[in-house]
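Student: Sequence:
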Amino acid sequence: MREEAYRAYAKGISHMLQAGQLTLPYVLLKHYKRLGLTESETMLIIQLIGYKQVEEKDFPSLDELQQRMAMPSNMVTAALQRLIKDGFLSIDEHVDEATHVQYEHYNWTGLWERLGQLLSEDIRVQHEQQKASQDLHRGGQPELNLFEIFEKEFGRPLSPMEYETIGGWIDDDRYSQALILLALKEAVFAGKIHFRYIDRILLEWSRNKITTTEEARAYTQKFRGNRS
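For the sequence shown, position 143 (counting from the first letter as 1) is numbered 143 according to the UniProt record's numbering, and the numbering increases by one without interruption.
Some hints could be false.
Stated by the list, open to error - Below 30 Å or equal to it, Euclidean Cα-Cα: the simulated DSSO-like pairs (lysine-lysine) are:
1. 222 with 185
2. 30 with 57
3. 192 with 152
4. 33 with 85
5. 85 with 52
6. 85 with 30
7. 152 with 222
8. 192 with 209
9. 30 with 52
10. 192 with 222
11. 57 with 33
12. 185 with 152
13. 209 with 185
To be clear, the hints were calculated from the coordinates, so they are not data collected in a lab.
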């Protein structure tokens, strides 16, 4: 084959590849592990999306899927069954009005709803973190960053769930910053630096109608005196 023919062939392949592209949600690739999907299940989803978008096949056969996947047909079947069982995928039946032929196709509503819920939860956590930070500044102590103090004492960055917990103490439970910090100091003093223990301290103070650091210190001293 001459050089011109090679170039023409390469150009043709290039056009073919461009014509066969599929649109894939990036959030699926980014967050499939958080959805509890394995790499094999994710690749199976990608193959099904490819069949629908590029080849216009809404319901490829197991043989067709097995030829595309690097695993035996029984594993392809098991992966499909799990996607359906866990609500990522469903099978809809329709009847063609013109031919009265019944056909099936995969319904992806479950997968898209799961991804939507996941992204919505991420946004909610971010908003709560921002609101908690704004509340700290509105409290008249802009120099005090509760999250940074917690990270310093824990010796690591806080997780989104831990940010949410601190935000809940401020917004829902109405604990003051000073009271939260005192509970943190008590946890450090006891050598039990974890959120569950800090929450127990705050809950104990709340049950005893303690709202100020002075009351909390007096209660703690009394408690320690009774134990000694």
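Student: Compare the distance between the alpha carbons of residue 185 and residue 152 with 30 Å, and conclude whether the hinted pair is satisfied.
Tutor: holds, 12 Å
Student: Residue 192 and residue 222 were given as a pair; does the straight-line alpha-carbon distance stay at or below 30 Å?
Tutor: Satisfied, since the Cα-Cα distance of roughly 20 Å is no more than 30 Å.
Student: Given the proposed pairing of residue 192 with residue 152, does the C-alpha separation stay at or below 30 Å?
Tutor: Roughly 15 Å between the alpha carbons, so the hint for residue 192 and residue 152 holds.
Student: Between the alpha carbons of residue 57 and residue 33, is the straight-line distance 30 Å or under?
Tutor: Distance ~27 Å between residue 57 and residue 33 Cα, so the pair holds.
Student: Is residue 85 within 30 Å of residue 30, Cα to Cα?
Tutor: With Cα atoms ~23 Å apart, residue 85 and residue 30 stay inside 30 Å; holds.
Student: Does residue 209 sit within 30 Å of residue 192, going by the straight-line distance between their CA atoms?
Tutor: At roughly 24 Å apart (the allowed maximum being 30 Å), residue 209 and residue 192 satisfy the hint.
Student: Please work out if residue 33 and residue 85 have their alpha carbons no farther apart than 30 Å.
Tutor: holds, 17 Å
Student: Against the 30 Å threshold, does the CA-CA distance of residue 152 and residue 222 hold or violate the hint?
Tutor: holds, 29 Å
Student: Do the alpha carbons of residue 30 and residue 52 lie within 30 Å of each other, as the hint requires?
Tutor: holds, 22 Å
Student: Check whether the Cα positions of residue 222 and residue 185 lie no farther apart than 30 Å.
Tutor: Within the cut-off at roughly 17 Å; holds.
Student: Compare the distance between the alpha carbons of residue 209 and residue 185 with 30 Å, and conclude whether the hinted pair is satisfied.
Tutor: holds, 20 Å
Student: Given the proposed pairing of residue 30 with residue 57, does the C-alpha separation stay at or below 30 Å?
Tutor: holds, 26 Å
Every hint from the earlier list agrees with this structure, and none is contradicted.
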